[in-house]
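> Based on the hints, put chain B in the right spot on chain A.
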Amino acid sequence: MGNGAGRVYIDSKASPEQGKAIEAITSGKHGGGVFTVFPSTFSRAYPMKAATIDFRFKGHDSSFAVDGIGEVQSEHIRNPVTGAMFEGQIVLPGGLNMKKANVTNIRRWWLRDDAAGWNMAYENVSGFFAAQKYNEKGPVKRAG
Amino acid sequence: MATKWEFEADYFTYCNCDWGCPCNFNARPTQGNCHGVAVWRIKEGRFGTTKLDGVVFAASYFFPGLIEKGNAIRRMYIDRKANPDQRKALVAIDSGQHGGGMFEIFPKLAAKSYPPIVADIEFRLDGPEAYVKIEGILEGESEALSYPDGTVISPTFTLPHGIEFKEGLATNAKRWWIKDEEMLAHHENAYGAVASVKFTNEGCVG
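Sequence order for the protein chains is A and B. Everything in the first sequence is counted per the working numbering, starting at 1 for the first residue and increasing by one. Everything in the second sequence is counted per the working numbering, starting at 1001 for the first residue and increasing by one.
One chain only, chain A, in its complex shape (with noise of 0.2 Å):
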């Protein structure tokens, strides 16, 4: 269906080639699968943005911020039972982004980018997790 809006946020440590080359990657130019898929589908690409990204990759309870954009924290998801924390993994051979991940629960996430027009919060939707290797082709290769 397309018609969708994105822009790449990149952390303030990355050098400026490394800033030129994710632009490169994002911008659907060079494949990658959903680097190649997600630009296609965008009517409005906004221009990639530098801020502190803080990124705390921890199994179920990762988390990141992008400073003064939004965050994200993530969580086990539990029975609704017996409150008994729950895993789950998806295996996607075709996947556009992942090929196997784990499912959390996001317990909130929000994201404010005014000259996107973009102001939104979230509690307790769907979260992934995985290790990932990307090429040219997309991800290639199945995280263990």
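Since the hints were made in silico from the structure, they are not lab data. Possibly wrong hints are sitting among the right ones.
Label pairs and their calculated CB-CB ranges [said to hold, decoys possible]: (1) E23/A <-> E1182/B: 57 to 65 Å; (2) E1044/B <-> W118/A: 50 to 58 Å; (3) R1046/B <-> A84/A: 53 to 61 Å; (4) A84/A <-> H1186/B: 32 to 40 Å; (5) G2/A <-> R1080/B: 45 to 53 Å; (6) G1206/B <-> V140/A: 26 to 34 Å.
Since the model is a prediction, treat every value here as computed from it, not as a measurement. Glycine included, C-beta positions come from ideal geometry on N, C-alpha and C.
Chain B in isolation, oriented as in the chain A frame:
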């Protein structure tokens, strides 16, 4: 006292949820309620001394809200080829009095369990392509899930705590219908899944 039982089976299920079914991940059903069908073809099994090899049976259910909130309507269907002892064994398993995880939990969550029906059950399973038909009562057909460009996706779920299956292939239930008492429905392009499952009194163990 519970009778010791176990079986390994080919399994096909579908419901009114979107592809993947949020219930698999303890989330709310897509439409706020859950209406579905499950079919088992036992490869090898026994209930006490009764062998269950080759027996086919199915179950339909309707939960008006979240599954854990109960108040469900349900029924079991037993293929006519099952002998009298096998039919008794399946009715016993379906009673919820002999353990078995979902076979114990679902009867407890039901406000109404209709008596089992013995009928001809037509069942085929080949990868993501599955088909079940009970003449005049229900029919369901599944195919591989694919992207809009036709590329097959073949998503599998690994659910270590799964009460239905531990590893399942998600499919597209291309169409299904049911007409049984107040369980009346017709859906297209909904959630489906196929799996190879193993059950004992302890529930789904593989």
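> Run through the hints listed earlier and report the numbers of any the structure violates, in increasing order.
Hint 3 contradicted; others consistent.
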